Amino acid sequence: MKFSLNLIRQYVDLDGISLDVFCEKCSLAGFEIEGVYPMAQATNLVIGKVLSCKAHPNSDHLHVCEVDVKDTILQIVCGAPNVRVGIKVIVALVGAELKAKNITIQSGKIRDVVSNGMLCSLVELGVDENLLSEEQKQGIEILNEDAVVGNHNVLAYLGLDDVMIDMSVTPNRNDVLAIYSLCKELGAIFDRKVKIPEIFDNYDGDNDFICDSITDKCRYFSIRSIRGVDVHPSPLWMQDILKKHEIKPINNVIDIGNYVTLMTGQPLHMYDADQLETKKYLIKDQVEEKVLALDDKEYQIQKNDIVVTNGNKVVCIAGVIGDNSTKITEHTKNIALEAALFDGYQIATSCKRYGILTVAASNFSKKVVDEYSISLASAMAANLLKEYAGAKSISKLNCFDHRLAKVQEIEITIDEINHYLATHFTEKEITSVWQRLNFEYAYHDSSYVVKIPTYRNDISLKADLIEEVVRLLGFENVPFSYPLFDTQEKGLTDIQQKRNLIKNYLLDLGLNETLSYTLISKSTALYYDVFDHDDFIVLNHPLTVEKEYLRKNLMPSLLQTIAYNQARKIEQVAIFEMSNVYSQQNEGEKLAIAISNGLNTTQHFNDRKVDFYMIKGIVEGLLALFGIDATRYAFENFDKYYPKQILMHPGKSAVLKINGQIFGFLGEVHPQTLQRENLAPTLYFELDLKKFMELKTNKIKYQPISKFPPVNRDIALLVKADLPVIQLIKTIKKAGGSLLQKVEVFDVYQGEHVQSEYKSVALTMTFVDSTKTLLDADIQQIFNKIYEACQKECQAEIRK
Amino acid sequence: MLEKLQELKKEVVQKIQTITQAKALQEYKIEILSKKGAFSYFMEELKKVPNEEKPSLGQKINEVKVQLTSLFEEKENELKQKELKEKLEKERIDVTLPGYQYQTGSKHPMNIVIDEIIQIFLPLGYKVEEGPEVEQDFYNFECLNIPKNHPARDMQDTFYITDNVLLRTHTSPVQARTMEKNKEKTPIKILCPGKVYRRDDDDATHSHQFMQLEALVIDKDITMANLKATLDLVAKKLFGEKRQIRLRASYFPFTEPSVEVDVSCTCNRKGCPVCKDTGWIEILGAGMVHPNVLKMGGYDPSQYKGFAIGFGIDRITMLKYGIDDIRHLYNNDLRVITQFKKER
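Line by line, the protein sequences are chains A and B. Under my numbering, the residue at position 771 of the first sequence is numbered 771, and the numbers go up by one with no gaps. Under my numbering, the residue at position 36 of the second sequence is numbered 36, and the numbers go up by one with no gaps.
Just so you know, these hints were derived from the structure itself, not from any lab. Treat the numbers as computed from the prediction; the structure is a model and nothing was measured. Wrong hints could be hidden among the right ones.
Result set (DMTMM-like, lysine to aspartate or glutamate): computed pairs, CA atoms no more than 20 Å apart in a straight line [stated by the list, open to error]: (1) K244/A to E34/A; (2) K428/A to E476/A; (3) K276/B to E427/A; (4) K547/A to D203/B; (5) K189/B to D494/A; (6) K462/A to D300/B; (7) K341/B to E116/B; (8) K25/A to E282/B; (9) K189/B to D486/A; (10) K690/A to E116/B.
Based on the sequences and whatever the hints tell you, model everything.
The following block contains the structure:
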């Protein structure tokens with residue numbers, strides 16, 4: 001909220017408190033000051049009178065003026081169109097600083113004529129242009145005749161020596177959005193006296209209006225009849241206050257209503273009594289009709305919206321805006337003044353649909369209203385109408401009242417307070433808090449019974465009172481002491497440790513960790529939706545179409561991250577991310593790796609291959625790190641499982657199967673997808689991390705190493721080109737038995753000297769026996785067995 | 001003959017000195033020392049001398065042969081060394097060219113900060129708890145003392161999926177779930193890190209997705225002094241031993257009293273743009289667990305108390321490293337991320 005410091009000062013004594021201290025203490029007490037805005041910023045001003053005003057000899061619009069500033073008469077060149085003899089003006093003397101325009105006034109010549117000062121407009125003093133008329137914005141400020149020439153305190157004279165404070169209010173303390181409540185709060189914070197004028201209900205006649213409600217969303221409704229008003233502009237002081245608080249002055253009657261709302265928080269509504277059909281008000285919430293409101297807009301009332309009716313007509317959308325036919329006009333003579341209490345939640349809900357949020361609606365929905373002071377607000381408005389609108393008579397208040405009698409009392413002991421805070425506050429200190437807050441209390445035997453004023457609807461528990469104590473006495477009084485609890489280290493869970501293991505492995509390889517958005521666009525979500533039949537989770541009211549769907553996999557995020565970087569000339573992008581993914585059916589976690597243009601390659605040394613086998617190698621390393629040995633996993637062609645897709649290259653990608661189940665996929669990204677995302681060739685791997693974490697890892701079983709030397713034998717086999725090498729290896733391993741320690745491929749060749757449709761696969765086999773040195777004859781025997789198996793099972797022939 | 005022998009020796013010694021190529025030396029060695037070489041003449045001559053002279057003469061010839069052989073070997077070695085030296089010189093490389101790359105990657109800066117905070121708390125016996133990001137209204141709001149139509153719901157404009165399912169607006173629902181899960185109602189000490197979401201347009205200071213880490217303690221004798229000491233510890237570990245903390249009253253529906261926590265600025269209260277000349281920088285929110293939250297979680301507020309600390313990881317990361325735009329934390333620009341290589 002923004003408020004005028006001068007207005008506050010009228011009710012709470014803040015003398016001797018600097019602006020800095022004011023801001024700091026408010027912030028410490030829970031009201032952060034977000035900005036301080038002086039109404040005007042100018043030094044070295046004086047009120048002057050224009051004695052003469054002649055046209056400038058060298059200009060068609062400038063004037064040369066002689067200005068009396070009491071001590072002397074200054075010659076000042078002025079360019080304002082409204083300068084003339086006899087007016088009283090604001091003079092910025094030589095040396096004056098006009099901060100808003102960043103000007104320091106110097107004596108000098110303007111088109112060869114000496115000028116010693118400047119005649120000012122309010123704009124030049126830094127006054128917000130929204131507060132000024134067109135006339136004021138165009139020319140210099142012409143002061144009233146009563147202005148005293150030579151008065152240096154110009155800003156005070158103009159009421160511009162004020163500061164607007166922008167204070168953030170937490171939603172539990174919306175009570176301070178009313179100026180009177182704010183003053184009480186500031187009085188408590190600074191321990192200063194607060195003088196809120198007492199309001200008396202000075203009615204002098206009977207009230208022929210009656211009211212009733214048939215909805216429980218109106219717990220109080222009061223009406224007062226005020227007769228014989230004169231509608232004209234409100235007093236300047238009131239207009240000034242309203243303008244500073246961003247309320248547009250209209251006329252005395254309406255301004256008085258707005259002023260009372262500003263000060264008390266209580267929304268009021270005034271009807272032109274002569275336009276009402278009957279004397280009976282009835283509040284309803286089951287009406288369906290269109291209402292032309294006083295802002296000339298039509299609003300569709302639906303069931304549940306609260307309305308005030310009179311006769312057969314909706315005369316007010318309750319707590320929001322009045323209807324057009326009963327509004328106050330310049331001809332209004334007699335007024336029906338409403339002060340009521342409507343359900344804030346309903347009003348907020350209705351307003352969202354109407355697309356309007358008036359001050360009244362805002363005050364109801366934020367619970368600014370003190371429900372036990374409603375009649376006082378009505379009386380205050382009535383009194384002001386008498387004083388400033390010439391009201392001839394004020395009737396008694398008639399009301400419908402279904403408020404719950406609620407005066408909260410909370411019992412709390414000094415020990416309870418000190419125990420909670422670990423403080424040593426004394427009775428005297430704690431009592432002072434209740435006094436500062438204007439809380440009535442009874443004290444007996446170290447125990448208080450505290451009565452909570454009705455405007456403090458945030459307080460209902462002991463903890464709330466404890467907060468008041470520590471807030472006003474200061475958090476610096478709370479000591480530091482470590483909790484005395486069991487500090488045995490529990491450590492990270494198995495899954496959390498595994499996540500760190502993966503992260504460190506990938507970081508060590510040179511991959512960078514990313515963190516991307518969960519929400520993606522529908523079109524992106526659907527494009528990447530080939531891996532399952534789960535349903536997307538979709539926001540019901542997205543902010544933008546770009547962020548509407550929850551991602552089911554990380555592929556779009558990582559690819560788009562690569563595109564983002566490559567668009568910025570970071571060509572080599574190697575990244576990974578572990579993030580949750582979502583569908584209607586499950587919340588999972590995935591690991592994704594993407595490598596574009598290489599990993600740790602430089603342009604100078606670029607012989608490291610960036611192909612399928614790079615990403616496969618990384619995956620195999622990860623599997624080994626988790627103790628999942630090759631007997632448990634397999635890589636199979638991706639397109640066998642996902643035949644109609646354009647995400648992965650059909651021939652250069654694979655699914656990863658562990659224990660016969662698909663856990664992820666890897667390979668080169670499909671050229672069409674590369675093109676869609678505007679990417680260089682990219683490798684991608686995605687793993688169902690949640691499932692992966694649940695896998696049992698192989699236990700380490702130590703194998704003693706043989707004392708006898710291993711022997712290597714190479715074999716080159718001709719096989720059909722489409723035979724997966726893994727079949728050959730499996731066959732060899734099976735046939736090789738326990739003496740075959742290792743089989744490794746060292747060359748795969750197709751081309752000259754090899755029949756087309758065939759390839760030559762060269763392998764090295766390592767044999768070892770733990771009981772003896774293997775002889776050639778032993779090895780030849782196994783070798784023959786292996787070859788036979790390869791012939792039989794893989795149609796392989798030894799390459800000659 | 002002895003003169004001739006001496007002459008040969010002299011000649012060979014001189015000739016060897018002039019040879020600069022290993023091949024020429026090898027040829028010359030053959031010319032002198034091989035069976036058909038220069039020495040064969042002396043061997044033939046030796047056959048002709050009387051038997052009694054043979055041993056002494058033979059020994060002399062052999063002496064010279066041995067001398068020359070070692071001379072050749074010496075020269076061979078010298079030439080080999082020279083050739084190797086030349087070869088190595090030809091192999092000289094530019095040591096200023098960059099090496100093959102074995103650069104490690106960088107952790108994401110926000111995860112660096114999360115891990116750092118976890119490392120502060122783990123030794124104190126805290127556990128890390130996780131919870132769903134797609135959350136029920138009940139856990140996200142109701143359990144945390146934010147019933148429907150509570151004004152605080154406006155503070156956290158929410159992405160709803162259905163009327164009762166939403167993207168969590170804070171990590172606090174993990175509190176509620178942990179309390180509920182703990183059937184024995186024993187003390188709790190947990191950290192809950194994770195992603196949270198609010199209906200905000202993305203700009204330099206706002207992000208619709210951000211990171212929080214919440215610390216929650218529930219035990220029998222917890223006081224506000226315990227919260228304050230814990231906050232002080234964290235501030236000093238995160239920002240430096242010389243930092244101080246300051247508490248300001250604030251409001252969160254799930255804590256009472258609630259505080260905003262400021263850490264003293266490095267400008268030492270002299271004023272600077274980071275602290276906007278106040279000397280203090282807001283780092284997080286905290287408070288004593290609200291009695292209603294304890295009650296909802298099945299804990300008796302007259303027996304148990306608690307405190308909660310909510311770290312805004314984005315804000316702390318930005319402050320700690322001087323990052324000026326929150327979008328840098330989500331763009332995954334490698335020019336940003338790779339600056340954090342040294343932090344693991």
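Results of checking the hints against the structure:
no., hint, result
1, K244/A to E34/A, "holds (17 Å)"
2, K428/A to E476/A, "holds (18 Å)"
3, K276/B to E427/A, "violated (38 Å)"
4, K547/A to D203/B, "holds (15 Å)"
5, K189/B to D494/A, "holds (18 Å)"
6, K462/A to D300/B, "holds (14 Å)"
7, K341/B to E116/B, "holds (15 Å)"
8, K25/A to E282/B, "holds (15 Å)"
9, K189/B to D486/A, "holds (10 Å)"
10, K690/A to E116/B, "violated (24 Å)"
Comparing the model with each earlier hint shows violations of hints 3 and 10; every other hint is respected.
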